[in-house]
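J.: Take a look at the letters that make up each chain.
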Amino acid sequence: MTTTIVLQQAINGIVLGSLYVLVALGLTLIYGVLVQINFAHADFVTLGAFAAYFFMHLVGLGYIPSIAVALIVGAAMGWLINASIFTPLRRKNNELLPLIATIGVSVMMQNLMLAWFGPIPYAFETEFSRHVIRFAGIFVSWQNVIIIVVSALTIALLYVFMKFTFLGKALRAVSQDRETAGLMGINPNFLIMLTFVIASALAGMGGAMLAPVLVLTPFAGTSVIVKAFAIVIIGGFGNVEGTILAGLIVGLIESYTTQFLNPGLIDIVVFALLLLMLAIRPTGLISERREENV
Amino acid sequence: MSALLEIAGLELAYGQVAVCRNISLRLDRGEIVALIGANGAGKSTTLRAIAGLLSPRRGTIAFGGRDVTALPSYERSKLGIALVPEGRRVFPFLTVRENLELGGFNSRKDPSTLKRRMERVFAMFPRLSERSSQNAGTLSGGEQQMLALGRAMMSEPQLLCLDEPSLGLAPIIVHDIFQTIRAINAAGTSILLVEQNARHAFETAQRGYVLQTGSVIASGSCATLKRDPRVQEAYLGRTATRR
Ligand SMILES: Nc1ncnc2c1ncn2[C@@H]1O[C@H](COP(=O)(O)OP(=O)(O)OP(=O)(O)O)[C@@H](O)[C@H]1O
Ligand SMILES: [Mg+2]
Numbered sequence: 001m002t003t004t005i006v007l008q009q010a011i012n013g014i015v016l017g018s019l020y021v022l023v024a025l026g027l028t029l030i031y032g033v034l035v036q037i038n039f040a041h042a043d044f045v046t047l048g049a050f051a052a053y054f055f056m057h058l059v060g061l062g063y064i065p066s067i068a069v070a071l072i073v074g075a076a077m078g079w080l081i082n083a084s085i086f087t088p089l090r091r092k093n094n095e096l097l098p099l100i101a102t103i104g105v106s107v108m109m110q111n112l113m114l115a116w117f118g119p120i121p122y123a124f125e126t127e128f129s130r131h132v133i134r135f136a137g138i139f140v141s142w143q144n145v146i147i148i149v150v151s152a153l154t155i156a157l158l159y160v161f162m163k164f165t166f167l168g169k170a171l172r173a174v175s176q177d178r179e180t181a182g183l184m185g186i187n188p189n190f191l192i193m194l195t196f197v198i199a200s201a202l203a204g205m206g207g208a209m210l211a212p213v214l215v216l217t218p219f220a221g222t223s224v225i226v227k228a229f230a231i232v233i234i235g236g237f238g239n240v241e242g243t244i245l246a247g248l249i250v251g252l253i254e255s256y257t258t259q260f261l262n263p264g265l266i267d268i269v270v271f272a273l274l275l276l277m278l279a280i281r282p283t284g285l286i287s288e289r290r291e292e293n294v
Numbered sequence: 001m002s003a004l005l006e007i008a009g010l011e012l013a014y015g016q017v018a019v020c021r022n023i024s025l026r027l028d029r030g031e032i033v034a035l036i037g038a039n040g041a042g043k044s045t046t047l048r049a050i051a052g053l054l055s056p057r058r059g060t061i062a063f064g065g066r067d068v069t070a071l072p073s074y075e076r077s078k079l080g081i082a083l084v085p086e087g088r089r090v091f092p093f094l095t096v097r098e099n100l101e102l103g104g105f106n107s108r109k110d111p112s113t114l115k116r117r118m119e120r121v122f123a124m125f126p127r128l129s130e131r132s133s134q135n136a137g138t139l140s141g142g143e144q145q146m147l148a149l150g151r152a153m154m155s156e157p158q159l160l161c162l163d164e165p166s167l168g169l170a171p172i173i174v175h176d177i178f179q180t181i182r183a184i185n186a187a188g189t190s191i192l193l194v195e196q197n198a199r200h201a202f203e204t205a206q207r208g209y210v211l212q213t214g215s216v217i218a219s220g221s222c223a224t225l226k227r228d229p230r231v232q233e234a235y236l237g238r239t240a241t242r243r
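Going line by line, the protein sequences match chains F and S.
Number 201 in this note's numbering belongs to position 201 of the first sequence; there are no gaps in the numbering.
Number 61 in this note's numbering belongs to position 61 of the second sequence; there are no gaps in the numbering.
Same shape as in the complex, but just chain F:
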């Protein structure tokens, strides 16, 4: 009985954790390249959730295509906002301006969505929510199978991109030393743009898959982003492997806290872990980054 519960919650935790990883990876990538926190990231999650909702209900091609649509909408919006707002501000050579602009963009996106979609929560049901597989006393909905498969594929793809392609290596070079990357013939502005597009695409797609478990309002992303920030810090700012590990751990903590303690304690437990990490391992789970090269 207890083993079943532990296994059941492990699966729930991995499902949740994978989604947190998708959201947190974008934050980490942007932080790595720009050394800047993107406060608007949460709203790309919300945008993705709404994009999926409306594509499903208005076009009616089902849930899976709507995840792809959320990804595309996120990517396009990321490109647009970077090109129209962040890039011009970055040219002013003031570190604070782009940071404050991300808060501005967040407020703007929330209020636009509020104007269009209203404050009342949307019920996000998919054709997979009610179909459940059962084995050894454990229940897994098709919805969760889709989440695990799609996130795992996406994370693997991103990993291969970063590790084995020229552009991925250039991206890592820009986040380690932007100036020297320029000397190699790498256009840092192009890679910053690419980072925003990838990060926003991941957030949009994460939103489409989180939507069924969120209270879908124009502020839905905010509830996720606090945990995503914690994951980025626990994983060691800008560290992709650390972020993946931290995301899964936080997902598991959340599901076990819900089961064995009290759902109200989730944030407390997560942030206790965060403080503990900062105290014992301030460079993150996998510490290799951010020493100065002499």
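Be a bit skeptical, because a hint or two may be false.
[To be verified] Each pair of labels, with its calculated beta carbon distance range:
| id | chain 1 | residue 1 | chain 2 | residue 2 | range |
| --- | --- | --- | --- | --- | --- |
| 1 | F | Phe139 | S | Ser133 | 39 to 47 Å |
| 2 | S | Arg116 | F | Ile268 | 58 to 66 Å |
| 3 | S | Asp67 | F | Asn93 | 22 to 30 Å |
| 4 | S | Gln16 | F | Leu80 | 34 to 42 Å |
| 5 | S | Glu119 | F | Leu61 | 45 to 53 Å |
| 6 | F | Ile120 | S | Pro111 | 50 to 58 Å |
| 7 | S | Gly30 | F | Arg281 | 39 to 47 Å |
| 8 | S | Thr113 | F | Leu58 | 47 to 55 Å |
| 9 | F | Leu58 | S | Pro111 | 41 to 49 Å |
| 10 | F | Leu80 | S | Ala187 | 45 to 53 Å |
| 11 | F | Phe271 | S | Ala8 | 54 to 62 Å |
[Said to hold, decoys possible] List time: in silico EDC-like cross-link candidates among lysine to aspartate or glutamate, alpha-carbon distance up to 20 Å:
| id | chain 1 | residue 1 | chain 2 | residue 2 |
| --- | --- | --- | --- | --- |
| 12 | S | Lys78 | S | Glu156 |
| 13 | S | Lys226 | S | Glu31 |
| 14 | S | Lys109 | S | Glu156 |
| 15 | S | Lys78 | S | Asp110 |
| 16 | F | Lys163 | S | Asp110 |
| 17 | S | Lys78 | S | Asp67 |
| 18 | S | Lys226 | S | Glu203 |
| 19 | S | Lys78 | F | Glu179 |
| 20 | S | Lys78 | F | Glu95 |
Derived by calculation from the structure, the hints in this document are not laboratory data.
All C-beta atoms, glycine included, are put in the ideal place defined by N, C-alpha and C.
Based on the hints, put chain S with the ligands in the right spot on chain F.
T.: Showing chain S with the ligands alone in chain F's frame:
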């Protein structure tokens, strides 16, 4: 003779603080030109301006007969300017091999060329080949210097700018590095060499410029510069002339 690099009336500043005033210099195809000067004279600043990391307040930089003053660093790299920056600046969390690959970023669509160039770098510095899958940040100072030089050579530049390649290296390695620099030049790459060690610089280069607090105070063939009393006093040490 055709000038590969021609700098005229360059004025460089960090913020409001002027660091270089009215610098003019030229480098012909095939030459090694030395740029010497004391700490803070503006040598690195001049190289940064040539590579496009710092835009000048005034003056022009022409490369291969083309005005490149307004081009960003990544465009200048495509034209054939490479800089081995002060402090080496290898990418610490990329492997040695990845560092080299990025040095050849401009030829990324041509894997066979990259492979050939990497083999040449490994032949030049066998140590790098032994450590090719190690993170560059874990290399010793001398190895990082080799990597920075090898990385710059991966683009097969027309002009190679070197900022104090011997700094902090053991004498035996310094000797090797200068030998390599001469070999690179013999294979057709023009070199602009910044050095504090004037003796080494004059042995390696054909011509030189002497920079003092942001201005060129002397220039000419290395043989002439060696006899210039100001150069002797400031950079070679008087004892050298008495003997
Ligand atoms: N990023 C910077 N911001 C402000 N001032 C700078 C900066 N970099 C260099 N300087 C100043 O510009 C002047 C020239 O510096 P530069 O690095 O070009 O000297 P250098 O000739 O290369 O000296 P060294 O031999 O010590 O490397 C120095 O007075 C230095 O303090
Ligand atoms: Mg210097």
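J.: Look at each hint and say if it fits the structure.
T.: Results of checking the hints against the structure:
{"no.": "1", "hint": "F:Phe139 to S:Ser133: 39 to 47 Å", "verdict": "holds (45 Å)"}
{"no.": "2", "hint": "S:Arg116 to F:Ile268: 58 to 66 Å", "verdict": "holds (59 Å)"}
{"no.": "3", "hint": "S:Asp67 to F:Asn93: 22 to 30 Å", "verdict": "holds (24 Å)"}
{"no.": "4", "hint": "S:Gln16 to F:Leu80: 34 to 42 Å", "verdict": "holds (36 Å)"}
{"no.": "5", "hint": "S:Glu119 to F:Leu61: 45 to 53 Å", "verdict": "holds (52 Å)"}
{"no.": "6", "hint": "F:Ile120 to S:Pro111: 50 to 58 Å", "verdict": "holds (56 Å)"}
{"no.": "7", "hint": "S:Gly30 to F:Arg281: 39 to 47 Å", "verdict": "violated (54 Å)"}
{"no.": "8", "hint": "S:Thr113 to F:Leu58: 47 to 55 Å", "verdict": "holds (51 Å)"}
{"no.": "9", "hint": "F:Leu58 to S:Pro111: 41 to 49 Å", "verdict": "holds (46 Å)"}
{"no.": "10", "hint": "F:Leu80 to S:Ala187: 45 to 53 Å", "verdict": "holds (48 Å)"}
{"no.": "11", "hint": "F:Phe271 to S:Ala8: 54 to 62 Å", "verdict": "holds (60 Å)"}
{"no.": "12", "hint": "S:Lys78 to S:Glu156", "verdict": "holds (10 Å)"}
{"no.": "13", "hint": "S:Lys226 to S:Glu31", "verdict": "holds (18 Å)"}
{"no.": "14", "hint": "S:Lys109 to S:Glu156", "verdict": "holds (15 Å)"}
{"no.": "15", "hint": "S:Lys78 to S:Asp110", "verdict": "holds (14 Å)"}
{"no.": "16", "hint": "F:Lys163 to S:Asp110", "verdict": "holds (19 Å)"}
{"no.": "17", "hint": "S:Lys78 to S:Asp67", "verdict": "holds (14 Å)"}
{"no.": "18", "hint": "S:Lys226 to S:Glu203", "verdict": "holds (10 Å)"}
{"no.": "19", "hint": "S:Lys78 to F:Glu179", "verdict": "holds (15 Å)"}
{"no.": "20", "hint": "S:Lys78 to F:Glu95", "verdict": "violated (29 Å)"}
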